[in-house]
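Participant: Residues per chain are reported as follows:
There are 4 protein chains.
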Amino acid sequence: MRILFVGDVVGKPGREILRQQLNEIQDQYHIDFTIANGENAANGTGINKRIFEEISNYGVDVVTMGNHVWDKKEILDFIDHEERIIRPANYPPGTPGKGWNIFSVNQVKIVVINLAGRVFLPALDCPFQAMERILAEIKDLTPNVIVDFHGEATSEKQAMGWYLDGRVSAVLGTHTHIQTADARILHRGTAYMTDVGMTGPRDSVLGTDKDLVIKKFITSMPVKFEIAHGDIQLNATVLELNKQGKAISIIPVQTMLEAL
Amino acid sequence: MRILFVGDVVGKPGREILRQQLNEIQDQYHIDFTIANGENAANGTGINKRIFEEISNYGVDVVTMGNHVWDKKEILDFIDHEERIIRPANYPPGTPGKGWNIFSVNQVKIVVINLAGRVFLPALDCPFQAMERILAEIKDLTPNVIVDFHGEATSEKQAMGWYLDGRVSAVLGTHTHIQTADARILHRGTAYMTDVGMTGPRDSVLGTDKDLVIKKFITSMPVKFEIAHGDIQLNATVLELNKQGKAISIIPVQTMLEAL
Amino acid sequence: MRILFVGDVVGKPGREILRQQLNEIQDQYHIDFTIANGENAANGTGINKRIFEEISNYGVDVVTMGNHVWDKKEILDFIDHEERIIRPANYPPGTPGKGWNIFSVNQVKIVVINLAGRVFLPALDCPFQAMERILAEIKDLTPNVIVDFHGEATSEKQAMGWYLDGRVSAVLGTHTHIQTADARILHRGTAYMTDVGMTGPRDSVLGTDKDLVIKKFITSMPVKFEIAHGDIQLNATVLELNKQGKAISIIPVQTMLEAL
Amino acid sequence: MRILFVGDVVGKPGREILRQQLNEIQDQYHIDFTIANGENAANGTGINKRIFEEISNYGVDVVTMGNHVWDKKEILDFIDHEERIIRPANYPPGTPGKGWNIFSVNQVKIVVINLAGRVFLPALDCPFQAMERILAEIKDLTPNVIVDFHGEATSEKQAMGWYLDGRVSAVLGTHTHIQTADARILHRGTAYMTDVGMTGPRDSVLGTDKDLVIKKFITSMPVKFEIAHGDIQLNATVLELNKQGKAISIIPVQTMLEAL
Ligand SMILES: [Fe+2]
Ligand SMILES: [Fe+2]
Ligand SMILES: [Fe+2]
Ligand SMILES: [Fe+2]
Ligand SMILES: [Fe+2]
Ligand SMILES: [Fe+2]
Ligand SMILES: [Fe+2]
Ligand SMILES: [Fe+2]
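Residue numbers (this note's numbering), protein chains in the order written: chain D, 1 to 260; chain Z, 261 to 520; chain X, 521 to 780; chain L, 781 to 1040.
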């Protein structure tokens, strides 16, 4: 099975490059199943139903989220009914939505899990304990398991990769919006990458207008952020899993769409 | 001029791969000048005179530091006299050592600056203001200026890259110990890379024994960290500057040394 | 000279208790000069011209601010012209408003300074260095100097108290919204108190509706905060300074206004 | 039942004032049961068996801990066998020691619980969820329940106070080392105080030599901290509970022991 995972999709530019390039990339890599992190899909913060459906229409099968999951409060109107949105599993019991779900791809089952890191980020339940609970639940369902670990600290993400090595198919980091150059298959067959990167405006600070972010750093005053313009990048990674759910390959992908 | 910048050298394994491979890499890329981040060179935390000299002997011309700069207090015995160690320039006035220095490479001058980020890291003076002061001082000295921005947050590093675009030759990130896949030349000629990565044990969490770090995350109890064993990686980047100090190319480098 | 310093005034309830009780308290303690921290005066976040004038009319001579200083962007319209608003002095050079100012009270001069802490709060310039610069500027102006140190960490506030002991008349903490029971005069004559406390809704979490804050902690989801209702408290402290600007006494004040 | 709760005991000075004054205070307030926070009892960081026994001999019945619980690793040798040490209950399952325990005081049962906050402190399990689990376990044991909530942020502590109002006898904050002036009984009978304060060197920064802490803030360089000398303070609070486990009164206590 070949899986495409697309890094944090930021605003309209992020959706635009999906619209123009996603199908082509899927064809090129013979993709069976596509996951995209959508926590920034709606104007940089959160997602709503319209934008979820827009992304789905471009060919995304499942959308994972992160610390921005609740930024658009309309998500509460549909997250409980929408099987294809996964929010961090280590929110406390009773949280709307689901932290993992199981999908069918050509008769094969695959589980997608979203986790949020706690280092340099707000307190949540322990992502390591959360994974133990989920692994117990999905034990007999399928060996194909993709984890989107949405975290800031490289240490926490690498630790999670090794912690889950041999127990899931892949641990893919998101949130920093910068693709890392460390994609590999760990000793026991888990594909790992500290961050898949960002899909959105390229000449920016993490997707945001760079001059506004610089102004914020220099002045320490409030600045209203806006999505940047110009060239657009797509950051993703392609996984190939064998029948046992082990990763055979992990290939980082970067494409661009030049501004008109 | 061709410059090699080596990402955070961690402990004995980091020094060992420098010993075995640095000269070869320098030859291969026709390197004129070599900088290495040495904040983790002495057993993972800090540096001392013996280890500074060891690294120098392997072919490192200048050592930059970071948040671990003072971890080995012996550094205070020699940092004021050693021209080739640069600590973050945004420590307050009166701090031992220097935040930048100028070097000669085949009759050409080059300035090396070290800065520390403040996002998710302890308070220091503003790195943007510090750069303004340094740029004023070095205005007439040379256009060849390499900045090692030692920071955690991708936003702060990208912002600094754009802030200095056209005013320095390169802004190279360090500290996260994971090489990023975003090396590029910005619009006005500054080479940029969010993180050059880590030079040390590969099957590890940032150089540290992975089982110890996992134990720490799972138990929240104190764990004595140790440098990991096994395969060693070298992460670096090669810059080429033109006569005007603009970057012509930036090429990430990753090599490995297999455990015996 | 007798000075009243009122802890963070929160929203309409905070202003209401000022309206009803401030003059009475001023009379009771023979107050010559009144300072209030107003960073939460406008609906809990920031201040605007109308509310600044409202507070002034109740008898406040000078308003100090804190991390919420810019929350109401209307402040930018008048802070540069308004002599009686002081924002943290350790914002970078070029920031609107002023970090200290000098006032006349019955022919006596008094300087009021506002500083922001950096521990557990966003990066700013060093408050200790900022104080050195201000002390140099005001050296020959007056010995009467009141510092509102707006900070989270008790360590940073106590350290500032001792650092300025004998060099200013008082170091009064704000920001935590809980009055501390450690008011005292330090060895060299500086009055000190880690936090003056909060002036606003009493049955609340720092002035905010308690059920909303509890919901936030339990769910980790976004919650729209609202000012609490019910009984109102006023937290303040009374300083008496001698002719040399040394503190003779510091007396914490707590009053209440029962809900109708 | 009358209970004395002593705020964080810091090092030898903290123990010395307990030795000289604890019995006297117990007599004066007719104390039946004494709890002390001991996370800083051994030279400022952690506790060991000898020092635990020393404090017990002075009249402390139960010792609660906090973020420094594991600083002296000898605690691991005896915490599992020692019924009278309580460490934060929101460490993950499997952590050595216990997060609560039940004691007998003149035929009356009392439960003592220790919790750690997560705001501005390292990640742990949720203290609110932990309390729900403990309250379910102790439901039929006794209505007398004392919670030491060891936290930094005033918001988290106040929220916990209101959250547990009517369900425990008292929520007493520790960790900031500064006594707060907000002791009260909440609407449903729970005694509350944001911080009980610190028992140790008075002319200090939280118990530490003030010049060393100032040096740390000014230089941002590593400084080896030492316990301060001179006058010693004891910070505590006295609770009176009725037969139903409701608080009848909460009285802050501050005493001093002058340096010879
Ligand atoms: Fe994101
Ligand atoms: Fe994120
Ligand atoms: Fe490092
Ligand atoms: Fe570092
Ligand atoms: Fe405030
Ligand atoms: Fe504040
Ligand atoms: Fe403590
Ligand atoms: Fe503590």
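Hints are supplied without guarantee of correctness; some may be wrong.
As the list claims (entries may be wrong) - Straight-line alpha carbon distances no greater than 25 angstroms define the calculated DSS-like cross-link-like pairs of lysine-lysine that follow:
hint, chain 1, residue 1, chain 2, residue 2
1, D, Lys-73, D, Lys-215
2, D, Lys-73, X, Lys-736
3, D, Lys-224, X, Lys-659
4, L, Lys-853, L, Lys-1004
5, Z, Lys-332, D, Lys-139
6, L, Lys-853, Z, Lys-358
7, Z, Lys-475, Z, Lys-272
8, X, Lys-593, X, Lys-532
9, D, Lys-72, X, Lys-618
10, X, Lys-735, L, Lys-919
11, X, Lys-744, D, Lys-72
12, Z, Lys-333, Z, Lys-399
13, Z, Lys-272, D, Lys-215
14, X, Lys-618, D, Lys-98
15, Z, Lys-272, L, Lys-919
16, Z, Lys-333, L, Lys-852
17, Z, Lys-476, L, Lys-919
18, D, Lys-49, X, Lys-532
19, X, Lys-593, D, Lys-215
20, D, Lys-215, X, Lys-592
21, X, Lys-618, D, Lys-215
22, D, Lys-224, X, Lys-569
23, D, Lys-73, D, Lys-98
24, L, Lys-852, Z, Lys-358
25, Z, Lys-484, L, Lys-919
26, L, Lys-878, X, Lys-659
27, L, Lys-878, Z, Lys-332
28, D, Lys-139, D, Lys-109
29, D, Lys-216, X, Lys-659
30, L, Lys-853, Z, Lys-332
31, D, Lys-72, X, Lys-532
32, X, Lys-744, D, Lys-73
33, L, Lys-995, Z, Lys-476
34, L, Lys-1004, L, Lys-1023
35, X, Lys-659, D, Lys-72
36, Z, Lys-332, L, Lys-996
37, X, Lys-618, D, Lys-73
Unchecked claim - Label-pair restraints from in silico Cβ distances:
hint, chain 1, residue 1, chain 2, residue 2, range
38, D, Ser-249, Z, Glu-313, 22 to 32 angstroms
39, D, Ser-249, Z, His-447, 52 to 62 angstroms
40, X, Val-628, L, Met-1001, 48 to 58 angstroms
Keep in mind the hints are simulated off the structure, nothing from the lab. Where a beta carbon is used, it is the ideal one built from N, C-alpha and C, also for glycine.
Participant: Compare the structure with each hint and give your call.
Facilitator: Verification of the hints:
1. Under the criterion of a C-alpha separation no larger than 25 angstroms, the hint pairing Lys-73 (chain D) with Lys-215 (chain D) is inconsistent with the structure, at around 28 angstroms.
2. With a C-alpha separation of about 15 angstroms, the suggested pairing of Lys-73 (chain D) with Lys-736 (chain X) holds against the 25 angstroms cut-off.
3. Note on Lys-224 (chain D) and Lys-659 (chain X): the hinted pairing is violated, with a Cα-Cα distance of about 39 angstroms set against a maximum of 25 angstroms.
4. Restraint check: the Cα-Cα separation between Lys-853 (chain L) and Lys-1004 (chain L) comes to about 19 angstroms, which is no more than 25 angstroms; the hinted pair holds.
5. Distance check on the hinted pair: Lys-332 (chain Z) and Lys-139 (chain D) sit about 47 angstroms apart at the alpha-carbon level, beyond 25 angstroms; violated.
6. Simply put, Lys-853 (chain L) and Lys-358 (chain Z) have alpha-carbon atoms about 38 angstroms apart, too far for the 25 angstroms limit, and the pair is violated.
7. Taking the CA atoms of Lys-475 (chain Z) and Lys-272 (chain Z), the gap is near 23 angstroms; set against the 25 angstroms cutoff, the hint holds.
8. For the given pair, Lys-593 (chain X) sits about 19 angstroms from Lys-532 (chain X) by alpha-carbon distance, which is consistent with the 25 angstroms threshold.
9. Simply put, Lys-72 (chain D) and Lys-618 (chain X) have alpha-carbon atoms about 37 angstroms apart, too far for the 25 angstroms limit, and the pair is violated.
10. Restraint check: the Cα-Cα separation between Lys-735 (chain X) and Lys-919 (chain L) comes to about 23 angstroms, which is no more than 25 angstroms; the hinted pair holds.
11. Between the alpha carbons of Lys-744 (chain X) and Lys-72 (chain D) the distance comes to roughly 13 angstroms, so the proposed pair stays at or under 25 angstroms and holds.
12. In summary, the hint linking Lys-333 (chain Z) to Lys-399 (chain Z) is not supported, as the alpha carbons are separated by about 33 angstroms, beyond the 25 angstroms threshold.
13. At most 25 angstroms may separate the alpha-carbon atoms for a hinted pair to count; Lys-272 (chain Z) and Lys-215 (chain D) exceed this at roughly 41 angstroms.
14. With a C-alpha separation of about 50 angstroms, the suggested pair Lys-618 (chain X) and Lys-98 (chain D) falls outside the 25 angstroms cut-off, and the hint is violated.
15. Restraint check for Lys-272 (chain Z) and Lys-919 (chain L): not satisfied, since their Cα atoms lie roughly 56 angstroms apart, outside the 25 angstroms limit.
16. A distance of roughly 23 angstroms separates the Cα atoms of Lys-333 (chain Z) and Lys-852 (chain L); the hinted pair therefore holds under the 25 angstroms criterion.
17. About 33 angstroms separates the Cα atoms of Lys-476 (chain Z) and Lys-919 (chain L), which puts this hinted pair outside 25 angstroms; it is violated.
18. Between Lys-49 (chain D) and Lys-532 (chain X) the CA atoms are separated by roughly 38 angstroms; this puts the pair beyond 25 angstroms, and the hint is violated.
19. Proposed proximity of Lys-593 (chain X) and Lys-215 (chain D) is supported: the alpha carbons are some 16 angstroms apart, at most 25 angstroms.
20. For a cut-off of 25 angstroms, the pair hint linking Lys-215 (chain D) to Lys-592 (chain X) stands: about 18 angstroms separates their Cα positions.
21. With a C-alpha separation of about 20 angstroms, the suggested pair Lys-618 (chain X) and Lys-215 (chain D) falls inside the 25 angstroms cut-off, and the hint holds.
22. For the suggested pair Lys-224 (chain D) and Lys-569 (chain X), the alpha carbons sit about 22 angstroms apart, so the restraint of at most 25 angstroms is met.
23. Restraint check for Lys-73 (chain D) and Lys-98 (chain D): the C-alpha separation of about 16 angstroms stays at or below 25 angstroms, so the hint holds.
24. The suggested pairing of Lys-852 (chain L) with Lys-358 (chain Z) is violated, with an alpha-carbon distance near 37 angstroms, which exceeds 25 angstroms.
25. About 39 angstroms separates the Cα atoms of Lys-484 (chain Z) and Lys-919 (chain L), which puts this hinted pair outside 25 angstroms; it is violated.
26. Proposed proximity of Lys-878 (chain L) and Lys-659 (chain X) is contradicted: the alpha carbons are some 56 angstroms apart, above 25 angstroms.
27. For a cut-off of 25 angstroms, the pair hint linking Lys-878 (chain L) to Lys-332 (chain Z) is broken: about 37 angstroms separates their Cα positions.
28. For the suggested pair Lys-139 (chain D) and Lys-109 (chain D), the alpha carbons sit about 12 angstroms apart, so the restraint of at most 25 angstroms is met.
29. Simply put, Lys-216 (chain D) and Lys-659 (chain X) have alpha-carbon atoms about 33 angstroms apart, too far for the 25 angstroms limit, and the pair is violated.
30. Between the alpha carbons of Lys-853 (chain L) and Lys-332 (chain Z) the distance comes to roughly 23 angstroms, so the proposed pair stays at or under 25 angstroms and holds.
31. The suggested pairing of Lys-72 (chain D) with Lys-532 (chain X) is violated, with an alpha-carbon distance near 29 angstroms, which exceeds 25 angstroms.
32. A hinted pair counts as satisfied when its Cα atoms are at most 25 angstroms apart, and Lys-744 (chain X) with Lys-73 (chain D) qualifies at roughly 11 angstroms.
33. Note on Lys-995 (chain L) and Lys-476 (chain Z): the hinted pairing is violated, with a Cα-Cα distance of about 31 angstroms set against a maximum of 25 angstroms.
34. For a cut-off of 25 angstroms, the pair hint linking Lys-1004 (chain L) to Lys-1023 (chain L) is broken: about 49 angstroms separates their Cα positions.
35. A C-alpha spacing of about 52 angstroms is found between Lys-659 (chain X) and Lys-72 (chain D), which places the hinted pair above 25 angstroms, so the restraint is violated.
36. With a CA separation close to 16 angstroms, the supplied pair Lys-332 (chain Z) and Lys-996 (chain L) stays within the 25 angstroms bound.
37. A hinted pair counts as satisfied when its Cα atoms are at most 25 angstroms apart, and Lys-618 (chain X) with Lys-73 (chain D) does not qualify at roughly 38 angstroms.
38. Ser-249 (chain D) and Glu-313 (chain Z) have their C-beta atoms about 43 angstroms apart, which leaves the hinted 22 to 32 angstroms range violated.
39. With their beta carbons about 35 angstroms apart, Ser-249 (chain D) and His-447 (chain Z) fall outside the hinted range of 52 to 62 angstroms.
40. Restraint check, Val-628 (chain X) to Met-1001 (chain L): a C-beta distance of roughly 41 angstroms breaks the suggested window 48 to 58 angstroms.
The earlier numbered hints that this structure contradicts are 1, 3, 5, 6, 9, 12, 13, 14, 15, 17, 18, 24, 25, 26, 27, 29, 31, 33, 34, 35, 37, 38, 39, 40.
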